[in-house]
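4 protein chains.
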Amino acid sequence: MIVILKPEASEDLVKDIVSQIEGLGLQAHLSRGQFRTVIGVVGEEVKVDAEHLKAINGVEQVVAIMKPYKLASREFHKDDTVIEIGCPAGGTVKVGGGNCMAIAGPCACEDEAMVHQLAREVRAAGATVLRGGAYKPRTSPYSFQGHGEDALKWLRDAGRENNMPVITEVMDTRHVSIIEKYTDVFQIGARNMQNFNLLFEVGKTRKPVVLKRGLAGSIGEWLMSAEYVLSQGNRQVILCERGIKTFETSLRYTLDVSAVPVVKSLSHLPIIVDPSHAAGDRQFVPSLARAAIAAGADGVMIECHDCPGKALCDGPQALLPETFSQLMKELAAIAGVLGKKFTTTPAVKGSPVAV
Amino acid sequence: MIVILKPEASEDLVKDIVSQIEGLGLQAHLSRGQFRTVIGVVGEEVKVDAEHLKAINGVEQVVAIMKPYKLASREFHKDDTVIEIGCPAGGTVKVGGGNCMAIAGPCACEDEAMVHQLAREVRAAGATVLRGGAYKPRTSPYSFQGHGEDALKWLRDAGRENNMPVITEVMDTRHVSIIEKYTDVFQIGARNMQNFNLLFEVGKTRKPVVLKRGLAGSIGEWLMSAEYVLSQGNRQVILCERGIKTFETSLRYTLDVSAVPVVKSLSHLPIIVDPSHAAGDRQFVPSLARAAIAAGADGVMIECHDCPGKALCDGPQALLPETFSQLMKELAAIAGVLGKKFTTTPAVKGSPVAV
Amino acid sequence: MIVILKPEASEDLVKDIVSQIEGLGLQAHLSRGQFRTVIGVVGEEVKVDAEHLKAINGVEQVVAIMKPYKLASREFHKDDTVIEIGCPAGGTVKVGGGNCMAIAGPCACEDEAMVHQLAREVRAAGATVLRGGAYKPRTSPYSFQGHGEDALKWLRDAGRENNMPVITEVMDTRHVSIIEKYTDVFQIGARNMQNFNLLFEVGKTRKPVVLKRGLAGSIGEWLMSAEYVLSQGNRQVILCERGIKTFETSLRYTLDVSAVPVVKSLSHLPIIVDPSHAAGDRQFVPSLARAAIAAGADGVMIECHDCPGKALCDGPQALLPETFSQLMKELAAIAGVLGKKFTTTPAVKGSPVAV
Amino acid sequence: MIVILKPEASEDLVKDIVSQIEGLGLQAHLSRGQFRTVIGVVGEEVKVDAEHLKAINGVEQVVAIMKPYKLASREFHKDDTVIEIGCPAGGTVKVGGGNCMAIAGPCACEDEAMVHQLAREVRAAGATVLRGGAYKPRTSPYSFQGHGEDALKWLRDAGRENNMPVITEVMDTRHVSIIEKYTDVFQIGARNMQNFNLLFEVGKTRKPVVLKRGLAGSIGEWLMSAEYVLSQGNRQVILCERGIKTFETSLRYTLDVSAVPVVKSLSHLPIIVDPSHAAGDRQFVPSLARAAIAAGADGVMIECHDCPGKALCDGPQALLPETFSQLMKELAAIAGVLGKKFTTTPAVKGSPVAV
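Residue numbers (our numbering), protein chains in the order written: chain A, 22 to 376; chain B, 22 to 376; chain C, 22 to 376; chain D, 22 to 376.
So here's chain A without its partners, still in its complex pose (with noise of 0.2 Å):
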């Protein structure tokens, strides 16, 4: 951490701080400029406050050296976290690592029928792990909330039919438990990337999270979110980012692929993509979905639906299963150009959607 100070700063001010800072069981190393006086703190960044002395008069800036998250950061951990997801009949999907995963299905459970539907068709499409919302977070409080545990339950049964983990989204601290006993994966929303006392129940759990990005959320505010996690023992974090909110309003959100590259420079956890929700708009699923891939993302989020025209929720970008499959192919190709491949799941013997 560097310290720097205001040309007016006295001399008891840089005491002051100097001795503040070898009180915490650090060096202080001082560099006095033309101007301005310097301090470097040597040791352990973490016990320093960065905004306590931020906060003192004569301050006027202090740059952090080391990163704010630690458990996160590929500093802490120098290889790739492999993160496994438990199947159904057993054994695991992995994500990360040169293993890309994609996440398919339908924005919210409608019914029974359609998440086994949808279920078998984006498994035979390609997809790894089944998504499905059960409790929906939804601008309006006159819109569709989702059927709750009954979604739960026919999320996990279209997944043990197919041998697909399966994942929701969990909004409410109160929602943690039930969801954990029907599901595989949680899913932590855009809107709740700073919702820290659900981040810490997700944290007590042993259960992989994804963790999306929020609207207004920084790269480095997202990995602080996912130490919130990290540091209560739950290591299996993946990020997804799923745009971000800017001035061009032409698609819903602003798809941030460079925050593949940035995340994957900083941290050593997995990053896939949702292009679903970042574009609202079904046409342009398929060139965000590429892009991802080709700028390093570990897998993908994408919602399908049989009938857009029909769903409860997120129609308008709802893919098709046709075309689903069509592009898990070209997906497929692209993560083939930089030496990375699809896992699936192995079928269950006698299932229907044997591929």
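Be aware that one or more of the hints could be misleading.
Covered, in the sense of this in silico footprint (three residues per stretch, anywhere, with C-beta under 8 Å from a C-beta of chain A), are these stretches of chain D [said to hold, decoys possible]:
| no. | region |
| --- | --- |
| 1 | 231 to 245 |
| 2 | 273 to 281 |
| 3 | 306 to 312 |
| 4 | 315 to 326 |
| 5 | 341 to 355 |
It should be emphasised that the hints constitute simulated quantities derived from the structure, not laboratory data. The beta-carbon is built from N, C-alpha and C at its ideal position, and this holds for glycine as well.
Starting from the known structure of chain A, fit chains B, C and D onto it as the hints suggest.
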């Protein structure tokens, strides 16, 4: 609602959409242009799901005419809502409709003495409501997270001593009842603007709610979040602008002062401004507070601390009580230019803070 | 300047950078931390090219301590610059250092009569400087592009009749000399904030320049653009905040009112605000103008029109002269709260506008 | 165009607007809803000025149905435009419609030898067009501003030696003719996307124009800027996405990769991507370049340098030629997945760079 079809939209599609609209008891007006067909929906727009229509192939654009929020809209409620906040010694303070309010106090309740000390100071300077954090949303899991119920008690007692209503942030649905027990106003923080379950829970109480705008919250989305609270029967929502994320990084966030008149044109709810979190740096707080009142805000929320360099959180933005006192004089004068005034609670008899 | 090396940076790299720094006549202070080496540069930072150092493999971060602009900085010039604008009948009006100014007039000079009519009206309401567009930057090539030199003549004559200095926008290096001939102040529009050749050209004149902030211009970049003008010897730069592009679309742009105090802390130059272009909608102009003055701005620039529904450009944002007149009273009162006042030019003897 | 009136709009206003519309030879369709009247305009929308209608009291909203750009729109020109760039030794290279192009070279032409050296290297790696700056837009007036006409000569000669068309940026209307003399393609930089006079001037030439997107340019505004060039008869516009300003600061700008498919849906013009300026850091350039091609871009523009640590500008983002060469192989493979290919110019007989 207006549905604009793509140039290539078939006659069958037009018929299909018209019959969907009529099936909802609404009328469809067709306008066939040289290049496109446009369908106007006449009747209660809220019955039609715009997203549903957008999901249909052949539909280019759906334009809403009515606002998607109803209870929050000025169309629904023409006059300014005046909210009354209960005071510990009885009586109320008003916010809205010409009545301005200043909420002030420490970022976090650090210990009992400091809360009492600051309460006396901010009250003497003209603050109406006492703030103080008990559960703190922190970017880092390693930062101080608040003193919880102890802090709630200190806050309540300091409020009683000074006859000031008290406000604190609620971050978790599981904390609503305990916070309701100790405080007079709920605060929903920026990071929870779209924590929909939390909005429903405070909507079920009957205490006023200060709803901060999210860092990426559009004004429309913010009013939809207010609608969540209102829809549960709690009509006491006070909006609070506190800065949005933009490309400009000289201050922590960009205060969107235009939100004040825009909200007033769209909604009857009071709106206040938090310049402390917007700026993140005390030297800019007075300017932003003055701008807020000049723009027509119904109040401000300002963090104070007697020794910002020792604050457990957000020290850089805390005003010294004497600076706050000077600022209150300027704010009162500016409110006067607009024909408004700041309200205060009656002093408690025998209280040391009677002014 | 502080150069932070990557953990893996070699000893040779350290030596190489140190020798580069010393080769420039500066001193290098080494600070070897537990994890990284940090090199502090002592001396005139402007001699070192930060980008150059950043381009070297092994360098992680380069932190500037000095501002990259010098002539525009408050470090260089501690007191507020007061700019004097020459009036047609002699004498000057002051801007900055406690003197506020209102620039008003039509978006475009549509015909001779309207320019004269509006000049009289805005002067009577308290405007100091008359604005009017001759060369208009229009998003569409098919829109009205301005009346060119004719408009310049109308503007000059209306200024003379009312003893008001006049300002118009310059968009092309080829127009600098003709605009200099007719007007008293140059305006550089938001879209040309980084039209560096244009900045050099107006920098070579000796007339004041109102430099608008670009829609994506950070405050630092804006001050660097001011530096372009100042570096050519023209020290009369007035900055003008007029809204930035953000995700919020309820108004045309987001007025960054914080830019006012931030600029004042970094620079000695006066700063005014253009609420008309920020809002794009006349109903919000008064609120934003009041906020600007309350935040500490040295003036406002406001578009007026006698019949906005017939305006050739930007009609939706034009104030009627009577609304402008009412607003000027409020602005004067708010300026008074801050101990400042609006200046006006002396009326010309025998002029019909003497007030 | 659809005009939505305020609930309180009078019958006289309706009549007035209808008669204005009919006066332009268009038809007005009235739709009277329960709450509001809506007027649909049938005919050539471009005849009506939306802004004009918005400026009328009683009008709430004006919704355009047609795009405000015509020549740039895919409605006007259904097939992809394929642009042919002339090569020094005769013949052309194609861009668009399945033909991808790589523009590469140094940020600035620093001296004759380096331009020739890099030209040979990037051509050997597969670049089609040679770039090099002669007039440089620099944030600081004190930075290196380019070698002007000398640089143009070095660039032309290096292009001839390698049979590569050359491109350089034009920043000033006064430089159009000299740049036209030496180069094959004009580049309009991001900061000049709305330098309308400059757009008109390059529109009057008959050489292809690479038009970069401004840092705050919406896709609609960008296409309007293309319309400026097209409207002057120059139909050879190549769009170039190079990152926009957002709140995310981990890289210099945020590459809006979605712009690629969105532009392709709205316009027939080719679009390429500049990952170098978007990232500002060479370690992220390959990821972004791959994402661009995977999203469907018609090419990339990449900065290279043999010794980035010595570059006179933008060294941190320059790729070494060998990295560029490796990247080109990946880009070709990804283009192949989409059924597209990179084009190259024929080697000049006897040239040392024949590959």
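In ascending order, which of the hints set out earlier in this document are inconsistent with the structure?
none
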